[in-house]
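Novice: Bring the two chains, given one by one in their own frames, into a single complex with the hints.
Those sequence lines, one after another, are chains P and G.
According to full-length UniProt numbering, the first sequence holds residues 1 to 241 in order.
According to full-length UniProt numbering, the second sequence holds residues 1 to 209 in order.
Warning: the hint list may mix true and false statements.
As the list claims (entries may be wrong) - The calculated PhoX-like cross-link candidates involving lysine-lysine, where the alpha carbons are at most 25 angstroms apart (straight line), are:
id, chain 1, residue 1, chain 2, residue 2
1, P, Lys61, P, Lys202
2, P, Lys120, G, Lys103
3, G, Lys134, P, Lys61
4, P, Lys55, G, Lys134
5, P, Lys134, P, Lys35
6, P, Lys104, G, Lys156
7, P, Lys55, G, Lys156
8, G, Lys134, P, Lys202
9, G, Lys117, G, Lys103
10, P, Lys183, P, Lys202
11, P, Lys202, G, Lys156
12, P, Lys138, P, Lys61
13, G, Lys103, P, Lys55
14, G, Lys89, P, Lys61
Said to hold, decoys possible - Every beta carbon over 10 angstroms from chain P, so not counted as near; a handful from chain G, in silico:
id, residue
15, Gly35
16, Asp51
17, His76
18, Tyr100
19, Leu133
Since the hints were made in silico from the structure, they are not lab data.
Note that the coordinates shown come from a computational prediction; the quantities given were computed from them, not determined experimentally.
Don't be surprised by glycine CBs; every beta carbon is placed ideally from N, CA and C.
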Amino acid sequence: MEMAAVKDSAILESGTERTLYPYVTGTSVIGMKYKDGVILAADMGGSYGSTLRYKSVERIKHIGKHSLLGASGEISDFQEILRYLDELILYDNMWDDGNSLGPKEVHNYLTRVMYNRRNKFNPLWNSLVLGGVKNGQKYLGMVGMIGTHFEDNHVATGFGNHLARPILRAEWREDISFEEAVKLLEKCLLVLLYRDRSAINKFQIAKITDEGVTISQPYALKTNWGFSAFQNPSKGAEGSW
Amino acid sequence: MDIDLSAPHSMGTTIIGVTYNGGVVLGADSRTSTGMYVANRASDKITQLTDNVYICRSGSAADSQVISDYVRYFLHQHTIQLGQPATVKVAANLVRLLSYQNKNMLQMGVIVGGWDKYEGGQIYSVPLGGTILKQPFAIGGSGSTYLYGFFDQAWKEGMSKDEAEVCKMLIFVPDICSVNMFWQKILFLCYHTITSQIMSYVLSRWQLL
Chain P
1 MEMAAVKDSA
11 ILESGTERTL
21 YPYVTGTSVI
31 GMKYKDGVIL
41 AADMGGSYGS
51 TLRYKSVERI
61 KHIGKHSLLG
71 ASGEISDFQE
81 ILRYLDELIL
91 YDNMWDDGNS
101 LGPKEVHNYL
111 TRVMYNRRNK
121 FNPLWNSLVL
131 GGVKNGQKYL
141 GMVGMIGTHF
151 EDNHVATGFG
161 NHLARPILRA
171 EWREDISFEE
181 AVKLLEKCLL
191 VLLYRDRSAI
201 NKFQIAKITD
211 EGVTISQPYA
221 LKTNWGFSAF
231 QNPSKGAEGS
241 W
Chain G
1 MDIDLSAPHS
11 MGTTIIGVTY
21 NGGVVLGADS
31 RTSTGMYVAN
41 RASDKITQLT
51 DNVYICRSGS
61 AADSQVISDY
71 VRYFLHQHTI
81 QLGQPATVKV
91 AANLVRLLSY
101 QNKNMLQMGV
111 IVGGWDKYEG
121 GQIYSVPLGG
131 TILKQPFAIG
141 GSGSTYLYGF
151 FDQAWKEGMS
161 KDEAEVCKML
171 IFVPDICSVN
181 MFWQKILFLC
191 YHTITSQIMS
201 YVLSRWQLL
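So here's chain G without its partners, still in its complex pose (with noise of 0.2 angstroms):
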């Protein structure tokens, strides 16, 4: 059997950002492939930039985690200066720049999520060629195709007052996406907590096979 190890590591992946009524919700899978090889069955593609903004990765891993290294430094100078904390905005411009202006070079789709006291929950999408769009909820990574579908039915506005209800939608996304979701981050931002969830129920189900 031929396995080409030397395959750029690239993610599969399946990220999704919602924005609710308290905040946003984060999730994405935890499979990353090389080819046909699964180099790492439980990373974390879910990655802080500061306290109140996470970034959800996909596309080529060492593209998106240099670039996030980059946007934290940044971020964090830009923190001192500012004397208080980045707003999700900017945090998501900074991914933007670096994207736009290496286009050429890199590989790699994310989604930009947080919270700030100027605007509340935020999800920002940066795709590949550095566009960036605010959304009240996005989707990436080649395991999103799946998802269109449900979210463009499912998804409502300024959905839930616990957090409950999202999750409920979430929890649909394994059975769509049931390829690769055999461990799955759901991470919660909002004003006060940051709560991070696994997700005990599709592991628990995949264990059942």
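Extracted from the complex, chain P is given alone in its bound form (with noise of 0.2 angstroms):
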């Protein structure tokens, strides 16, 4: 009797909106800090289930003329935020006041939409990274679909976080360069690529400095199949069936 009481008031209660799974998903988005700004990467693709649907998304988008937003999770609720930030932006502007909203106001704005939504059982079913500068102070932070968030010199989503945020721990240092930068993200992209089942070669790196935002044409990562194992691959069992 008690079982069914507790289930019909679940069955009653489902009767609200509420985003149960993500159907077309981005993976992993990786960022750090570097000596003029911040730098962040993400691949293009967007999968559907373990299909990979879609090899052109692209999950780095820039916010105003101070952020960088990176995002993993479903792409519909990410195109939503985008939508918000947009007006958001829109708002700042018409204040025409010589002020203009910096990353860690976006990020503020991004924890706050992000919780409250998760506080009404209805999430964005979003990993986000935000990175900035504005007047030459640099900013990196992160909110989850629940409403965590934090600012970090580094940060990963998903997958990311297990394979990348090691490697950046070890390797970051506070004055690296553009260029030192850019090899050890990929060094991460290529951990990724080979350890995530959905991710892809096809990479964007997008990057933000005082001056303003640069985001990469798309391309491919150099993989290493080259095991002596492959070489020989009849080796030990010759001939055919």
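Specialist: Given below as structure tokens:
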């Protein structure tokens, strides 16, 4: 009797709206501060379950003059977040007071949005990386789908947390140059490409400095498959079946 | 034999949208199934939204039909207010809006294709969840799984000075999706002409069996 009552109320509750599971998803985003600003990287894949359905999804976008946003998770929710931010930046511009929202403010706004949605049991199914530079001050933060947020010198989402962050912890320095930062990111991206099933070999690297935003053209990394075991595949099992 | 006649009508579909030099080409098969039973073997999965924008529907037949009806209604009013034909982008975004805001209740993946004077021929994919992605070509529906490999190697940017080349590519599609391609409609949308051709080629092939 007790069980039936609980089940009934659960069914009644599920009449309300909630995002139950993601459909089209992006995988890891990694980011770090470097000497002149902040640099972000992500691949361009949009997975549909285990199928790699879309191969040209831009998961890093610039927000206003001072920020970059990278997202993993449900792409439709990311697109909705971009619309919210569009409106936020628009209203900010309309004040026309010479001031503009910096990365810290945008990060805070996103945190509030994500946390409030989580409280309504209808999360935006994303992990967001927000990086930017304003008046020479570098900023890099992360927000998750339950509203967990923090700032750090280097961040990653999803698989990147497990595979990329240890590398970044070991090799990141405060005054790392742009070229070294790209090399370090590519090192992380390569590991992710090898070990993350939903990663694809098509990346974009975005950088933001006081001068502005640059998002690179998509490019691929060189992978190594030259193992001795692949040299003579039929060694030990000559002939066909 | 057990046939679940109360199973929701799903489309078990293959839908395709391709941009080419002159505009866009849309294609779809014609089978609607309820579980194992073929409820309709002559369905029209390419639906008109405006004079210049069409939508290929897959997933739940009811959901995609009602969304198409709403979007046609909104676009009609929008066209009157705007005073000129709606753009493909607006049409696709209306579909996305309804898809996204009702994502818990809807089960449909669509391809919106059309032609407008600003951007020419465009194809927008709106899969489950309400993501919107502009693509040079798009495939959808459960039958599309067989086509990923084919399109990956056959597709080229800026294809064909005439429709023949695109058509040639699409002719191979029924060979690949041989299960469902009993009847295929191909719709051409380009500047000046909107021609709809039933693929008699496909029809005659199956009649040989």
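Novice: Hint by hint, note whether the structure agrees.
Specialist: Consistency of the hints with the structure:
| no. | hint | result |
| --- | --- | --- |
| 1 | Lys61/P / Lys202/P | holds, 16 angstroms |
| 2 | Lys120/P / Lys103/G | holds, 16 angstroms |
| 3 | Lys134/G / Lys61/P | holds, 16 angstroms |
| 4 | Lys55/P / Lys134/G | holds, 12 angstroms |
| 5 | Lys134/P / Lys35/P | holds, 14 angstroms |
| 6 | Lys104/P / Lys156/G | violated, 44 angstroms |
| 7 | Lys55/P / Lys156/G | holds, 15 angstroms |
| 8 | Lys134/G / Lys202/P | holds, 18 angstroms |
| 9 | Lys117/G / Lys103/G | violated, 32 angstroms |
| 10 | Lys183/P / Lys202/P | holds, 16 angstroms |
| 11 | Lys202/P / Lys156/G | holds, 18 angstroms |
| 12 | Lys138/P / Lys61/P | holds, 17 angstroms |
| 13 | Lys103/G / Lys55/P | holds, 23 angstroms |
| 14 | Lys89/G / Lys61/P | holds, 20 angstroms |
| 15 | Gly35 | holds, 22 angstroms |
| 16 | Asp51 | holds, 28 angstroms |
| 17 | His76 | holds, 25 angstroms |
| 18 | Tyr100 | violated, 5 angstroms |
| 19 | Leu133 | violated, 6 angstroms |
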